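Asker: In terms of UniProt numbering, the sequence shown opens at residue 1 and continues consecutively.
Some hints could be false.
With a cut-off of at most 20 Å between alpha-carbon atoms, the simulated SDA-like pairs for lysine to any residue come out as follows [claimed, not checked]:
id	residue 1	residue 2
1	LYS21	SER246
2	LYS265	SER61
3	LYS221	SER61
4	LYS265	SER246
5	LYS19	LEU232
Read the hints as simulated data drawn from the structure, not as lab findings.
Quick caveat: nothing in here was measured; it's all calculated off a predicted structure.
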Amino acid sequence: MSNILYHYCSIETFELIMKYKTIRFSSLGVVDDIEESLTSDYEDIGKICFVSCWTDLIQESVDMWRTYAGKENGVRIGLPMNFFEIGVSDSELSESGSTINERNDIFLSPPCYPELMPVTYTKDDSLINLSVLNINDNSCEDCGKKSATLSFNTTHLGRFKREYWSGQSEWRYRLIAVPQEYYRNNNSGRYLGEPEEMVQLMKSDLVKMPFMNNHIDFPFKEEVFEEMEIVLSPLNTAEDNDKVKSIIEKYTNLSNLDLRLSDLKIRKQK
Numbered sequence: 001m002s003n004i005l006y007h008y009c010s011i012e013t014f015e016l017i018m019k020y021k022t023i024r025f026s027s028l029g030v031v032d033d034i035e036e037s038l039t040s041d042y043e044d045i046g047k048i049c050f051v052s053c054w055t056d057l058i059q060e061s062v063d064m065w066r067t068y069a070g071k072e073n074g075v076r077i078g079l080p081m082n083f084f085e086i087g088v089s090d091s092e093l094s095e096s097g098s099t100i101n102e103r104n105d106i107f108l109s110p111p112c113y114p115e116l117m118p119v120t121y122t123k124d125d126s127l128i129n130l131s132v133l134n135i136n137d138n139s140c141e142d143c144g145k146k147s148a149t150l151s152f153n154t155t156h157l158g159r160f161k162r163e164y165w166s167g168q169s170e171w172r173y174r175l176i177a178v179p180q181e182y183y184r185n186n187n188s189g190r191y192l193g194e195p196e197e198m199v200q201l202m203k204s205d206l207v208k209m210p211f212m213n214n215h216i217d218f219p220f221k222e223e224v225f226e227e228m229e230i231v232l233s234p235l236n237t238a239e240d241n242d243k244v245k246s247i248i249e250k251y252t253n254l255s256n257l258d259l260r261l262s263d264l265k266i267r268k269q270k
């Protein structure tokens, strides 16, 4: 198997990637497959899982050009699987996580940096609608107050899709994030009380709690550009292709970036 993964996007998105040196992760609450954020025991809590979607298909996909690169123009970028780690120290990864937490009012769950996984396609409903909820009752030794803790098994969030989607041969970079408001509530004592009541309150709060954004932008190092492959959409005009070249010239110092025309010849849809 190739060490390269591919990401289809519009020219507008490509410019944002090149300008800010970040990749956008979207909440499962806003991805194409509505089922992805749903669980069997906690409504749509899958929205705490943020993903960036790629494919290992070397051959270009007409559907992906039309769906993810846009109906008018776009590019397909190819990068090594480990590109988030290129040129980055462990301390820098940790700093990136802290900055993202502060900027988005969230807490990233360990390991606090993108985790890569292949999507598994299945007919098993128990994998599509996962059970994620863990509840533990506690009692304070000093004051005797009872409390409950709510935790999630997030191991499999974002890993499974129905077989209908298998043609995408998808890989994902994944982040798990929870609004900081939940932890502020917990630290203020909001969830002290009768365990059963408090569990329901925690569940209700977390489901209703909005994220500041339904996306997270995670940074990568400029050295990554040296590894980047770019295929120009078959829907691009000559002006579109010139714009891609000007973006590369504006945001990098590279003169030998791997840039090529698509092998496909397809007509724009009206």
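Asker: So, for every hint listed, does it hold in this structure?
Answerer: Status of each hint after checking the structure:
Straight-line distance between C-alpha atoms of LYS21 and SER246 comes to about 16 Å, which keeps the hinted pair within the 20 Å bound. Taking the CA atoms of LYS265 and SER61, the gap is about 12 Å. The hint holds against a cut of 20 Å. Our distance criterion of 20 Å between C-alpha atoms is broken by LYS221 and SER61, whose separation comes to about 28 Å. With a C-alpha separation of about 24 Å, the suggested pairing of LYS265 with SER246 is violated against the 20 Å cut-off.
Restraint check: the Cα-Cα separation between LYS19 and LEU232 comes to about 18 Å, which is no more than 20 Å; the hinted pair holds.
Consistency note: the structure conflicts with the earlier hints numbered 3, 4.
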